[in-house]
Every structure is written in C-alpha cells, then in structure tokens.
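A.B. asks: Going line by line, the protein sequences match chains L and E.
Position one of the first sequence corresponds to residue 214 (our numbering), numbered consecutively onward.
Position one of the second sequence corresponds to residue 345 (our numbering), numbered consecutively onward.
For the record, the hints were derived by calculation from the structure and aren't laboratory data.
Careful: at least some of the hints might be erroneous.
Said to hold, decoys possible - Stretches of chain L that chain E covers, calculated by requiring three or more beta carbons in the stretch to come under 8 Å of a beta carbon on chain E:
1) 261–275
2) 293–301
What the hints assert, rightly or not - Partial list, derived from the structure: chain E residues whose beta carbon lies under 7 Å from chain L:
3) Ser371
4) Gly372
5) Phe373
6) Asn374
7) Phe377
8) His382
9) Gly397
10) Pro436
11) Phe443
12) Gly444
13) Gly446
Cβ coordinates follow ideal geometry from the N, Cα and C atoms, glycine included.
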Amino acid sequence: DSGVTQTPKHLITATGQRVTLRCSPRSGDLSVYWYQQSLDQGLQFLIQYYNGEERAKGNILERFSAQQFPDLHSELNLSSLELGDSALYFCASSVAPGDLYGYTFGSGTRLTVV
Amino acid sequence: GQNIDQPTEMTATEGAIVQINCTYQTSGFNGLFWYQQHAGEAPTFLSYNVLDGLEEKGRFSSFLSRSKGYSYLLLKELQMKDSASYLCAVMPGANNLFFGTGTRLTVIP
Chain L
214 DSGVTQTPKH LITATGQRVT LRCSPRSGDL SVYWYQQSLD QGLQFLIQYY
264 NGEERAKGNI LERFSAQQFP DLHSELNLSS LELGDSALYF CASSVAPGDL
314 YGYTFGSGTR LTVV
Chain E
345 GQNIDQPTEM TATEGAIVQI NCTYQTSGFN GLFWYQQHAG EAPTFLSYNV
395 LDGLEEKGRF SSFLSRSKGY SYLLLKELQM KDSASYLCAV MPGANNLFFG
445 TGTRLTVIP
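Next comes chain L alone, as it looks inside the complex (with noise of 0.2 Å):
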C-alpha cells in the first residue's frame, strides 16, 4: 500500500456520461498530481494541484476538470465522455512540487467508456 488512496478502482460507463474520480494523498503530502495513461502510451500529465491551488496544467482536455479540496483530497471529473477517455488514470502526491524524492503514486482508476 503506497498511501495514496484511488476510488473506484473500475469504472465502465457509456459514452456523454460523466464520472468522478477521487484520490486521497499520502499523509502529509500536499502536492497531488493527476495522469492519464492509455493502452501502450506513457504517463500523460494533466493537472497539479498544491494544498488547494492549481500549480499546472498538462494536456487536460476542457472537458475535463479537477480541484483539490481543504483535506487535500482531490477529485478528476470527466464529463461528456468519448471512447477515447478510455484509460488508467493515476493520481500521485508529493510533500512539495519539484519533490526531489519523486512521486507516489496509486493503483489507479481503470476507466472503460463502452
């Protein structure tokens, strides 16, 4: 258990739904960062958020959006959904931005449009 804390874990939904994904940061992290990772592609970047404020902002479609809320937890809602959105999303927090000791990252929301 690495202490970041992803919910659901599986998620099949059908296409223009919209779905929210929840992350709870390890404890004492204040840095959440949220990734997209499609079948065979990287980690792609989308959004940081730090105690409460957007830090930065990746390839993050509009139909996207995310916030960090005051007991750090954060949630990625995606909205009008397409069969491309279909992906392993992954949370991951850090003490600070530009943690020198690297990220830690959660088991990740697998997310299936149909």
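Assemble chain E onto chain L, guided by the hints.
C.D. replies: Coordinates of chain E only, in the frame set by chain L:
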C-alpha cells in the same frame, strides 16, 4: 518543450545484466527519475539523478550525463520479477514530471 526517447522493448536472460537507455531534450532540468511499472499497476520510484555520474542502489544503478542529455538504468542479476516497464522521466521545472513512453523488459529463463 520536452522529449524523451527510450527503446520500446527489450528482452534479457535471468541472471544477466541489462542496460536501458534514455535520451532527453528539455527546456529546464531539475532531475531525472526512473520508475518501474508492472502491467496494470502503479509506477514505483526506483532512482533519481541530478548530478552527472552513477547512483547505485542494490541491483539497480542509474547513470546521468547532463551534457549529453543521456541516462541509463542498469539492472544486474536479473530476476523474473524484473519483467516490467521502466519509465524514464525528467523534471523540467519545479512542478511536474514528464514521462517517456517506457521500455517493456521481458526476462526469460
């Protein structure tokens, strides 16, 4: 922008040594990381280099040459459980890690 190149796949024999290369171009540099990822699982941190040279940690070592934009991960005494993807990642600034597509290593008996 950032670009990372790694071989897509490698195969090596149990007990042998394998070297996985990574070349990168980045607009800034705050360190290079290696992660291991078993299929369908979370990536796990292996090593971090920010200065030129070799960092050794048990059976795994990582090397960095900043002037050449080059790193390698060396795995010794390969075990079957080392079959996984190995992800090279750079930290261009202070905010996030940029990952390559990874090298899928298969260890055969």
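A.B. asks: Does the closest beta carbon of chain L sit nearer than 7 Å to the beta carbon of Asn374 (chain E)?
C.D. replies: holds, 6 Å
A.B. asks: Tell me if the interface restraint on Pro436 (chain E) is satisfied: Cβ within less than 7 Å of some Cβ in chain L.
C.D. replies: violated, 10 Å
A.B. asks: Please check whether the stretch 261–275 of chain L has three or more residues whose CB lies within less than 8 Å of a CB on chain E.
C.D. replies: holds (count 4)
A.B. asks: Does the interface hint hold: is Phe373 (chain E) within less than 7 Å of chain L, judged Cβ to Cβ?
C.D. replies: Check failed: Cβ of Phe373 (chain E) comes no nearer than 12 Å to chain L, outside 7 Å.
A.B. asks: Quick check on the hint: Gly446 (chain E) CB to chain L CB, less than 7 Å?
C.D. replies: holds, 6 Å
A.B. asks: Please verify the coverage claim for the stretch 293–301 of chain L: does it have three or more residues whose C-beta sits within 8 Å of some C-beta in chain E?
C.D. replies: The restraint on the stretch 293–301 of chain L is violated, since only 1 of its residues have a Cβ under 8 Å from chain E and three are required.
A.B. asks: A closest beta-carbon separation below 7 Å is what the hint needs, so does Gly444 (chain E) meet it against chain L?
C.D. replies: At about 6 Å, which falls below the 7 Å cut-off, the nearest Cβ of chain L leaves the hint on Gly444 (chain E) intact, so it holds.
A.B. asks: Given Ser371 (chain E) as an interface hint, is its Cβ closer than 7 Å to any Cβ of chain L?
C.D. replies: violated, 14 Å
A.B. asks: With 7 Å as the cut and Cβ atoms as the points, is Phe443 (chain E) at the interface with chain L?
C.D. replies: holds, 4 Å
A.B. asks: A closest beta-carbon separation below 7 Å is what the hint needs, so does Gly397 (chain E) meet it against chain L?
C.D. replies: violated, 16 Å
A.B. asks: Holds or violated: the hint that His382 (chain E) contacts chain L, with Cβ atoms closer than 7 Å.
C.D. replies: The hint is violated - His382 (chain E) has no Cβ within 7 Å of chain L, the shortest such distance being about 11 Å.
A.B. asks: Under the criterion of a CB-CB separation shorter than 7 Å, is Gly372 (chain E) in contact with chain L as hinted?
C.D. replies: violated, 11 Å
The structure fails hints 2, 3, 4, 5, 8, 9 and 10 (numbered hints given earlier, in ascending order).
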